[in-house]
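Asks: Now for the letters of each chain:
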Amino acid sequence: MSHELEHLSAEVAAGKMTRREFMARAAALGVTAAIASSMLATEAKATPVAGGTFKMGIQGGESTNSQDPATWASDVPLAGGFLWGEPLVELVADGSLKGLVAESWEGSDDATVWRFKIRSGVTFSNGAAVTADDVLKTMERHSNEESKSGALGIVQGIESMRTDGDVFEVTLGVGNADLPYLMADYHLIIQPGGGFDDPAAAIGTGPYTLETDEPGVRMTFARKADYWGGDQTQVAHYDAVEIIVLNDATARTAALQSGQVDAINRVEPKIAKLLDRAPTVNVLSTQGRGHYVFIMHVDTAPFDENELRLALKHALNREEMVEKILQGYGSVGNDMPINAAYPLFDDTIPQREFNLEKAAEHYKKSGHDGSPIILRTADGAFPGAVDAAALFQQSCQAAGIPLEIKREPNDGYWSEVWNVQPFCCSYWGGRPVQDQMYSTAYLSTADWNDTRWKRPEFDEMLLEARAEIDEAKRKEIYSKMGRMMNEEGGVMVPMFNDFVDAVSAKVQGWEANPNGPQMYWKTGKYTWKA
Amino acid sequence: MHPILKLVAERLALGVLLLFAASALIFGLTEILPGDAAQAILGQSATPESLANLREEMGLNRPALTRYFEWLGGIVTGDMGVALTNKLPIGEQIARRMSSTLFLAFWAAIISVPLAILLGLIAVRYQNRWPDKLISGITLASISLPEFMIAYILVFFFAVKLFWAPSFASISPGMPLLEQLHAISLPVAVLTMVVLAHMMRMTRAAILNVMQSAYIETAELKGLTTFKVIYRHAFPNAIAPIVNVVMINLAYLVVGVVVVEVVFAYPGMGQYLVDAVVKRDVPVVLACGVIFAAVYIILNIVADVVSILANPRLRHPK
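Sequence lines, in order, name chains A and B.
Here the numbering used here = 1-based position in the first sequence + 17.
Here the numbering used here = 1-based position in the second sequence + 1.
A few of these clues could be false.
As the list claims (entries may be wrong) - Partial pick of chain A residues on the chain B-facing surface, computed with a CB cut under 10 angstroms:
id, residue
1, Ser91
2, Thr237
3, Ile261
4, Leu263
5, Ser461
6, Phe475
As the list claims (entries may be wrong) - Listed next, the in silico DMTMM-like pairs over lysine to aspartate or glutamate satisfying Cα-Cα at most 20 angstroms (straight line):
id, chain 1, residue 1, chain 2, residue 2
7, B, Lys162, A, Glu231
8, B, Lys88, A, Asp293
9, B, Lys134, A, Asp293
10, B, Lys162, A, Asp293
11, B, Lys88, A, Glu231
12, B, Lys88, A, Glu228
13, B, Lys88, A, Glu163
Unchecked claim - Computed spacing ranges between beta-carbons, pair by pair:
id, chain 1, residue 1, chain 2, residue 2, range
14, B, Phe149, A, Leu291, 13 to 21 angstroms
15, B, Leu179, A, Ala67, 30 to 38 angstroms
16, A, Glu433, B, Pro237, 39 to 47 angstroms
17, A, Thr64, B, Leu119, 54 to 62 angstroms
18, A, Asp126, B, Gly92, 16 to 24 angstroms
Worth flagging that the hints you see were computed from the coordinates, not collected in a lab.
Cβ coordinates follow ideal geometry from the N, Cα and C atoms, glycine included.
With the hints as constraints, model all of the structure from the sequences given.
Replies: Below you can see the structure in the form of structure tokens.
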């Protein structure tokens, strides 16, 4: 028994298992909680070591990248942005929020007015102290009429904003109990004067300052001596952090294996198990909210017929996809954009099973004329999208559904195919809360309503849940919405993909964060090298 | 005026015309590509409102001809403008990336060109015997493998297994030359292997062609050693075709190495161009395109001039 426990404890130390999982597994081995936690204390509770340079080899950087947070869409700018800048609040590993620039916050009873108290003693890297006015200006830059920010969709519901001493106040047209979560968005990094003068100056309140910036090549950062969050033994332990753009998957793994970098993102699922065998490397997978989808426009024939949608949903072999496309690094989806990684998820919603008989039955009922149903796909739609489409075609064939695949070029896929063609492959990165996911893509008025899902009763439920402060009631409404999506929605969700990262065995302090890869880009802030 | 200077002047004038034609062609092609910079930047997170704002800011709403001539007006005065996507001055970016590209190309050329010619000479000397077959076999094998494959194989052995060389080539200003050379050792090796065969085979073929001539027979009858016959009598007469192939490969080393750049994360021109095309950053695409065209034109002029200088009949026309 103790051997097993030692092994588990080592897993925690290596960051492969969380404390909670450890306690649960220990309990399963018949160990009392007190003994289990003392086991942990000796092994896993290592003291952070200050110093050293942390090098990350990251996929998702281009020579066209800018330091202006409004333009961020790929991983490298985001990874760098969370080193030099901070939003009001941050999303932590257990799915809750922690104050950064905002010390505390409170909402009115109907969740329409939110007050954020700005932390005192927080300074930008140019030495100026952060004021509520900087926060106000930042929000204005992302939400005003000239905004071209990626956060425009998030801040649209704001009716008015003002400052009141050290308080930043937001008034919403419709109550939103999740507003603080929206403030954690990476676009909304607080900049001096809102970044109106020089949006790409990279001046922020984060623990590191940007030293060199070569877009699409690398960024280097140095630890701030006077970071408000504490000294190097407490947080942001490294002297320096370096981000190297390594867009080629093999180049990333080689760089980690040869010790040139300490951490990489996007380990290809097919080599992850092999890489994990290397003694100097730990592969870490994080269950996230991102998912791959086949999307149907519910207002376009033949997908306007729900029986046909059900036929296709039943013909989808989700287990096989997780096994073959994700190599097990993921979980099956249930034809709604929500999974257990979301707060207020109802796990009693029945999982749709792969059932060819039902698929054939629904197909017959749909009265479809038997002409080819065209699914558009591209390598860039999601990793393995072309293979996934081929697997789907085969299972459809077995159910007598005439599915045809049309392969599109990667280039221009997001402007010419996605949200244009009635049936195509795509992906969603997931959002911190259910409301945001549904509002982004399933509200009648949403710009990215890529399934043309326009149901007044669904919109009503969404708005009702948004303003509801009682969590039990909210959960009930979300459950109803989930069931409705599952039964009638235009989105087919074969799988939720894990984030698969790898770090050098020297890196300590890893804690998986469901919001994104690399502890949601906080590896530079919370890990250290032993 | 000396006929060669006259030729160079003519070629340069023609080259400038060609550059204008190339820039117009590239601009036309970028217009045909689906989508624009605003859509490419916002990608999946575009809303009609943010798209319109971004287009307005980038000036994409103006007619294509206006945008092209504005760019042309800038470039003839030496101003390449700023990138649409990140607002950084294109000239500065290109200067840095071009110097990286030329650095890599220079060292690859310094090694591969003499090596290719030497191997070609040896292959001729031992024609159809084992050294010839060995050289041809190895160089043809390395040219037949895709360059990323060679790169991965070298990385696996020399970076991951032996730790002799870094797996990616990160060079930064202020790095000592020896460290820089160490950093680019693997990409230089890959590029050398990729261009070697073409130049070596051409050297071999060109010299063998000359070896049929009567004066070679004379030289042999004089009692010269085979090697001396090759490098004193055959090689100078085979220079023209060899120089042409060398120039084509040098041009390739400058403009065609994007795959090697990606595998080794080397910050050269190729990667810059590809990123710009993906993001529809037209001013950057145009600037890169014109520079690449200029490289080809200049190297071709050099090849012609060298061919003329190497041939007494062309050097002293009647």
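Asks: Hints first: check each against the structure and report whether it holds.
Replies: We went through each hint and held it up to the structure:
1. Ser91: Holds, about 9 angstroms.
2. Thr237: holds (9 angstroms)
3. Ile261: For Ile261 of chain A, the interface hint holds, since the closest Cβ of chain B sits about 6 angstroms away, which is under 10 angstroms.
4. Leu263: Holds, about 5 angstroms.
5. Ser461: With a closest approach of 15 angstroms, the Ser461 of chain A hint is violated.
6. Phe475: With Cβ-Cβ at 21 angstroms, over 10 angstroms, it is violated.
7. B:Lys162 x A:Glu231: Violated, at roughly 30 angstroms.
8. B:Lys88 x A:Asp293: violated (41 angstroms)
9. B:Lys134 x A:Asp293: violated (43 angstroms)
10. B:Lys162 x A:Asp293: Holds - the C-alpha atoms of Asp293 of chain A and Lys162 of chain B are around 16 angstroms apart, at most 20 angstroms.
11. B:Lys88 x A:Glu231: Holds - the C-alpha atoms of Glu231 of chain A and Lys88 of chain B are around 13 angstroms apart, at most 20 angstroms.
12. B:Lys88 x A:Glu228: holds (19 angstroms)
13. B:Lys88 x A:Glu163: With a Cα-Cα distance of about 17 angstroms, the restraint between Lys88 of chain B and Glu163 of chain A holds, given a limit of 20 angstroms.
14. B:Phe149 x A:Leu291: 13 to 21 angstroms: holds (19 angstroms)
15. B:Leu179 x A:Ala67: 30 to 38 angstroms: holds (32 angstroms)
16. A:Glu433 x B:Pro237: 39 to 47 angstroms: violated (57 angstroms)
17. A:Thr64 x B:Leu119: 54 to 62 angstroms: holds (60 angstroms)
18. A:Asp126 x B:Gly92: 16 to 24 angstroms: Distance hint for Asp126 of chain A, Gly92 of chain B is violated at roughly 58 angstroms.
Violated hints, listed in ascending order, are 5, 6, 7, 8, 9, 16 and 18; each of the other numbered hints is respected by the structure.
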